[in-house]
Amino acid sequence: MYPFKTTQSYPRQQWYIAAFSYEVTRTPMERTLLDEPVVFYRTEAGAPIAVAGRCPHRRFPMVRAAVVGDALQCGYHGWTFDCGGACTAIPSQESYVPNGFKIRTYPVVEKWQWLWIWMGDPALADLGLIPDHAQLHLEDSDWLASVGGVEPLAARYQLMNENVLDLTHVTFVHAKTIGTSGIAAAPIEVEDRGRYLHSERSVSEPAPTAFHARVLGLNGPVERVLSTDFYPPAFLSSGSAFYGGGTLFGRFRVFHIATPETPATSHYFWAFTRSFGQDDAALTEELRAGWRLGVLEDIDAIEGNERMIDRGPLQNDLSAQADAGPLRGRKMVESMILAEREAELLRVR
Amino acid sequence: MYPFKTTQSYPRQQWYIAAFSYEVTRTPMERTLLDEPVVFYRTEAGAPIAVAGRCPHRRFPMVRAAVVGDALQCGYHGWTFDCGGACTAIPSQESYVPNGFKIRTYPVVEKWQWLWIWMGDPALADLGLIPDHAQLHLEDSDWLASVGGVEPLAARYQLMNENVLDLTHVTFVHAKTIGTSGIAAAPIEVEDRGRYLHSERSVSEPAPTAFHARVLGLNGPVERVLSTDFYPPAFLSSGSAFYGGGTLFGRFRVFHIATPETPATSHYFWAFTRSFGQDDAALTEELRAGWRLGVLEDIDAIEGNERMIDRGPLQNDLSAQADAGPLRGRKMVESMILAEREAELLRVR
Amino acid sequence: MYPFKTTQSYPRQQWYIAAFSYEVTRTPMERTLLDEPVVFYRTEAGAPIAVAGRCPHRRFPMVRAAVVGDALQCGYHGWTFDCGGACTAIPSQESYVPNGFKIRTYPVVEKWQWLWIWMGDPALADLGLIPDHAQLHLEDSDWLASVGGVEPLAARYQLMNENVLDLTHVTFVHAKTIGTSGIAAAPIEVEDRGRYLHSERSVSEPAPTAFHARVLGLNGPVERVLSTDFYPPAFLSSGSAFYGGGTLFGRFRVFHIATPETPATSHYFWAFTRSFGQDDAALTEELRAGWRLGVLEDIDAIEGNERMIDRGPLQNDLSAQADAGPLRGRKMVESMILAEREAELLRVR
Numbered sequence: 001m002y003p004f005k006t007t008q009s010y011p012r013q014q015w016y017i018a019a020f021s022y023e024v025t026r027t028p029m030e031r032t033l034l035d036e037p038v039v040f041y042r043t044e045a046g047a048p049i050a051v052a053g054r055c056p057h058r059r060f061p062m063v064r065a066a067v068v069g070d071a072l073q074c075g076y077h078g079w080t081f082d083c084g085g086a087c088t089a090i091p092s093q094e095s096y097v098p099n100g101f102k103i104r105t106y107p108v109v110e111k112w113q114w115l116w117i118w119m120g121d122p123a124l125a126d127l128g129l130i131p132d133h134a135q136l137h138l139e140d141s142d143w144l145a146s147v148g149g150v151e152p153l154a155a156r157y158q159l160m161n162e163n164v165l166d167l168t169h170v171t172f173v174h175a176k177t178i179g180t181s182g183i184a185a186a187p188i189e190v191e192d193r194g195r196y197l198h199s200e201r202s203v204s205e206p207a208p209t210a211f212h213a214r215v216l217g218l219n220g221p222v223e224r225v226l227s228t229d230f231y232p233p234a235f236l237s238s239g240s241a242f243y244g245g246g247t248l249f250g251r252f253r254v255f256h257i258a259t260p261e262t263p264a265t266s267h268y269f270w271a272f273t274r275s276f277g278q279d280d281a282a283l284t285e286e287l288r289a290g291w292r293l294g295v296l297e298d299i300d301a302i303e304g305n306e307r308m309i310d311r312g313p314l315q316n317d318l319s320a321q322a323d324a325g326p327l328r329g330r331k332m333v334e335s336m337i338l339a340e341r342e343a344e345l346l347r348v349r
Numbered sequence: 001m002y003p004f005k006t007t008q009s010y011p012r013q014q015w016y017i018a019a020f021s022y023e024v025t026r027t028p029m030e031r032t033l034l035d036e037p038v039v040f041y042r043t044e045a046g047a048p049i050a051v052a053g054r055c056p057h058r059r060f061p062m063v064r065a066a067v068v069g070d071a072l073q074c075g076y077h078g079w080t081f082d083c084g085g086a087c088t089a090i091p092s093q094e095s096y097v098p099n100g101f102k103i104r105t106y107p108v109v110e111k112w113q114w115l116w117i118w119m120g121d122p123a124l125a126d127l128g129l130i131p132d133h134a135q136l137h138l139e140d141s142d143w144l145a146s147v148g149g150v151e152p153l154a155a156r157y158q159l160m161n162e163n164v165l166d167l168t169h170v171t172f173v174h175a176k177t178i179g180t181s182g183i184a185a186a187p188i189e190v191e192d193r194g195r196y197l198h199s200e201r202s203v204s205e206p207a208p209t210a211f212h213a214r215v216l217g218l219n220g221p222v223e224r225v226l227s228t229d230f231y232p233p234a235f236l237s238s239g240s241a242f243y244g245g246g247t248l249f250g251r252f253r254v255f256h257i258a259t260p261e262t263p264a265t266s267h268y269f270w271a272f273t274r275s276f277g278q279d280d281a282a283l284t285e286e287l288r289a290g291w292r293l294g295v296l297e298d299i300d301a302i303e304g305n306e307r308m309i310d311r312g313p314l315q316n317d318l319s320a321q322a323d324a325g326p327l328r329g330r331k332m333v334e335s336m337i338l339a340e341r342e343a344e345l346l347r348v349r
Numbered sequence: 001m002y003p004f005k006t007t008q009s010y011p012r013q014q015w016y017i018a019a020f021s022y023e024v025t026r027t028p029m030e031r032t033l034l035d036e037p038v039v040f041y042r043t044e045a046g047a048p049i050a051v052a053g054r055c056p057h058r059r060f061p062m063v064r065a066a067v068v069g070d071a072l073q074c075g076y077h078g079w080t081f082d083c084g085g086a087c088t089a090i091p092s093q094e095s096y097v098p099n100g101f102k103i104r105t106y107p108v109v110e111k112w113q114w115l116w117i118w119m120g121d122p123a124l125a126d127l128g129l130i131p132d133h134a135q136l137h138l139e140d141s142d143w144l145a146s147v148g149g150v151e152p153l154a155a156r157y158q159l160m161n162e163n164v165l166d167l168t169h170v171t172f173v174h175a176k177t178i179g180t181s182g183i184a185a186a187p188i189e190v191e192d193r194g195r196y197l198h199s200e201r202s203v204s205e206p207a208p209t210a211f212h213a214r215v216l217g218l219n220g221p222v223e224r225v226l227s228t229d230f231y232p233p234a235f236l237s238s239g240s241a242f243y244g245g246g247t248l249f250g251r252f253r254v255f256h257i258a259t260p261e262t263p264a265t266s267h268y269f270w271a272f273t274r275s276f277g278q279d280d281a282a283l284t285e286e287l288r289a290g291w292r293l294g295v296l297e298d299i300d301a302i303e304g305n306e307r308m309i310d311r312g313p314l315q316n317d318l319s320a321q322a323d324a325g326p327l328r329g330r331k332m333v334e335s336m337i338l339a340e341r342e343a344e345l346l347r348v349r
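So the sequences go chain by chain: A, B and C.
Everything in the first sequence is counted per my numbering, starting at 1 for the first residue and increasing by one.
Everything in the second sequence is counted per my numbering, starting at 1 for the first residue and increasing by one.
Everything in the third sequence is counted per my numbering, starting at 1 for the first residue and increasing by one.
In isolation and in its complexed conformation, chain A is listed as follows:
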C-alpha cells in the first residue's frame, strides 16, 4: 500500500502508542488500532488492561461491558472475563465454563503519560524495543515533558512519518506559525543511528518567528538547529535548539505519533518536552497552544495529501535531495513489514 511496495500497510510485531494515560479509566474505552477494535480499562489497582473489542461469544462490543472488580461482564449475555482474558462465568449455565474459553488480551506498558501496546504475538513482545524515554527527554529531570493531545487523522500513518522526516515543509505548511523562509533552503544531513534515523539542518536567520521570540525571549539574529529522530514504525521526535549570539536559549522536542487506526486513517498523538522555563506553567500552556496550531496545519496538509493519493493515474513520484530522510524512513518500515512476513512464512512451514 502506498507508499510501500507491500500489500500489508503496517507491521504488527511492534510497539505502538495506544492512548494517553488519562484516557484509560475504570470505564471501558474502545479504540481501533491496526484495524482491530481494542477495549481499554483499569483494574481496581490501576493497572491498564487491553482486550479484544468484541466478545468471543457473539461479537458484542466489549466497550459496553460492565467492569465488575477487575473483570469485564459482557452487556449482551453476561459472559464474564477476568483481566487475564479467561472466561469465568456464563450466566445460563451457572458455574460451568468450558476449558479454554477466553478473550484475547494485548500486552500493554504504561510509560511516562502514555500506553504502549503490542498488537502482534504476545510471545514476541520485547520491552527492549520501546524507545528509551530518558534519552527522549520524557523521563529526564532536567526537562519538562507535557501531554499535547490526540487528534483524529484521516490519513495513513506513513504520511506523518515522511512529513516530519523532511522539515522543508516547515517553510510552506507552517509559514504563518513556526516556519521561516530560510529552513527550506538549508542543506540536510541524514544519519542512520541504528534504532533510529536522525535528520538535521541548521539555519541562520535575522530573527526567529514571533512565536519563538516570545517563548524563548530571543530577538535579533538566530542560529536554529532543527532535527528529527524517527523510531520506526511510527514514533517521531522533532525539535530545535535556538542560539542567539552564541548562547543557547533553549531546546525542545515535539513528539509526533500517528498510530494506524485503519490502513488509511490514524490516531495522531502529540506531546512535547523542553529544557527551559520548566517551572513556568503559563509557558506550558502557551507552548501547547502554539504547537497545536502547527499540529493542525500538519493534519490539514497530510489529509490533503491522503485525499489525492488514489486519484487518477500517476507515474512514480518524483524525488529530490530533501527526500533522503523520508525515503530511508520508508525503507525502514518496509523492512519491518517484510521481515515480519518472512518470519510468518517460516512459521507456517
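These aren't lab readings, by the way, just hints derived from the structure by calculation.
Some hints could be false.
Since the list gives no way to pick out one identical chain from another, each pair is judged satisfied if it fits inside one copy or across any two copies.
[Said to hold, decoys possible] Derived lysine-lysine pairs resembling DSS-like cross-links, with alpha carbons at most 30 Å apart: (1) K5 - K102; (2) K331 - K111; (3) K331 - K102; (4) K5 - K331.
Could you slot chains B and C onto chain A? The hints should help.
Showing chains B and C alone in chain A's frame:
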C-alpha cells in the same frame, strides 16, 4: 454470510412482512426488500398492489408514478401499467404497445394489519406457508392485538432472530426496563414444533419489574414463564405469562420481525397482543410505550453487534447451552436457503 | 458501464466543457473531470491554465499552491512549475532541477463564456472538433446568449444525453413548468447530421404554458417546434420556435452539458440563447429563473434514474419508437469509446 455458511443472505421463496396496512395507500410508497426496490399502492377498491420499484423502460423510480385509476403512469415518459403489471400505454406511439411489455408484480396478502409479500417465483407462493394468525392471537377474539411500529435496523435480520431466541439477553440488555436478574440463570427448553421452534424458561422472583407490576396490577412474588416461537425465516412471537399466588394475571406476546432490506440492514416491524385489559385503550398506549423502550434497547444491542461482525480476525464464535435455540433457528433458515438453491440448480438443469 | 456495452464510461480523446469563464481566476480552483483532479488558474495576462490536481513530487493538492507570477508553487515543499508545466525550482537544492521534471498540463480553449478542455493525448487535440459556436447562436450577433450556471449532478452524463434526446419527458417531468400534455404524443423525427444528431417534433396546442405566454407575449393557439441537437460526447442544444397565427414569436435554445466528474456523477453546465428581447435585461433574469426550474426538475429526474440503475436484477430495458434519438445518441458515444480503445490497442502494438 455470517452467521450462515452460505453466500446467500436470505431465502427468496418465502413470505415476508412487507408493511403495515396503514403504510399502503393511494400514494405510491417505496421500500427495499431483499435488496430489491418495491413500490406499494392500493387500487380504487382498496386492494394492495406491489410492483417492481423501477420502470422497465428506463429504470425510473416507480414511486414517482401517478396512480391513475388502478394503474401506474411512470413519471418520466408516461408508460402506463395496469395493476396486473401489463403495459397499457406508451404516449409517443398512441395505442400501440408491443406484446409482453410489463412490469414485475409481487404476490401480496393482507392479513390482520399487515401485508405479507412473496419475493420469489409467484408460482410457488403457497398461502399455507404464512403463520396461522389465529394461533398467534392476532386474529383471536379473546385477545387484543395492536400495531407497534416499524423501525430502521442497521443490522442483518438473523441477529434479530437469534436475539429473541435467547432470552438470556433480557437480564442484561433490558436490565432497566423489562428484565430481571433471575431470567438469565433459568434453564431453557427448546422444542421443534414443525412449522416453528419453541423456546421456554420459567423464573420465580420476589417481584416483577415496575413496568409489569403496573400494567398487570401484580405485586409481590411472581412466577413468570417466558417463551419465544420462531417461524423462519424472520417472524418471532415472544411473550410471557405472569402468575401471582397461583393465579394467572395476564399473557401477552410481542412480535419481532426483521425483514431484510439489504444483506446487512432490515426493517424492524413490531406489534403485540394481550389477554388482559382488552378494553382499556390507555393500557394499550402504556404497553406500546413500555415495549418500545425494549424495542429500542434491542435495536441498540443488535446494531452494536452488527458493527462488530466484520471487524478484524476472529476464530469461530464460542457457544454455550443457552445458544441451543439460536443455533437451531440458524440451521432452519440455513436449510431454507440451501433447499432453495438446490431447487434452482435442478431447474437450471 | 450502463447504458453502454463497454467497461469504459466515457471517451477521453474529446473536448469537454470544464468551467464557465468566471470560475477561473488567479486563485487556483480544483475540479474533478473524468475522474481526474484538475486545477485551473489564469496567468497574469489572463490566459486560462489547466494542470494536474496533484503535485508530481508527493501528490499534494495543487489547489493549495501559490500562484507566483504565471507559475504555481506547491504548498507542501515549494516545488514550482511554470504555466507550461515545467518544474523550475526545488527549494532544498537551489537552482538544480533534474531534466524532465514536470506537471501534466491540459489543452484548454476559452470560447464564448466557457472553457473547453481536452482530457486525452494533447497531440490529438483538434480544435476543429469543438462545436461551431456561431452555428449554436452563442456567437451570433442576432441572438443574445446568457450563462445559466453549473449544478452538481449525482448521475452519469449519458442519462442527461438521453434525457434531452427524448423530449417526451417534457410532458411528465416538466408538467408544471415548461411542458404541455401534447408534446409526448407528437411524432418525432431523428436525423443524423454528421457532427451532430438532430431530433424534432411539432405540436399544435390551444395555448402555450404560462411561462412561455409571459416571456413571448403569446396567447391563444400556438404552433411549437421542439428540437434537440446532440454533439457527442456530452453537449446538447435543445430549444423551441413558437408561432402564433403563422407569426414567429421567438426562438431560443437551452444548452445542457453534463461533463463526467466520475463514472456516476457529473457537472451540469447550462446556458441559453434567444432571438427575441435581446436588449431586455429583466427578461434575461426571468428566463434564467424559469429555465432553472426546468433544470432542477431534470436533475431530480435524472438523479432518481441514477439511483435505480444498479438496484436488483433487471432484464434488458424495453424501448419504444421515441427511443430512436436516445439509442442513436448512445451508439455515437459508444462508437467514440470503442474507436479510442482500438486506437490505443494499435499504439500499444
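A quick look at each hint next to the structure:
no., hint, in the structure
1, K5 - K102, "between (37 Å within a copy, 24 Å between copies)"
2, K331 - K111, "within (28 Å within a copy, 50 Å between copies)"
3, K331 - K102, "between (38 Å within a copy, 26 Å between copies)"
4, K5 - K331, "within (10 Å within a copy, 42 Å between copies)"
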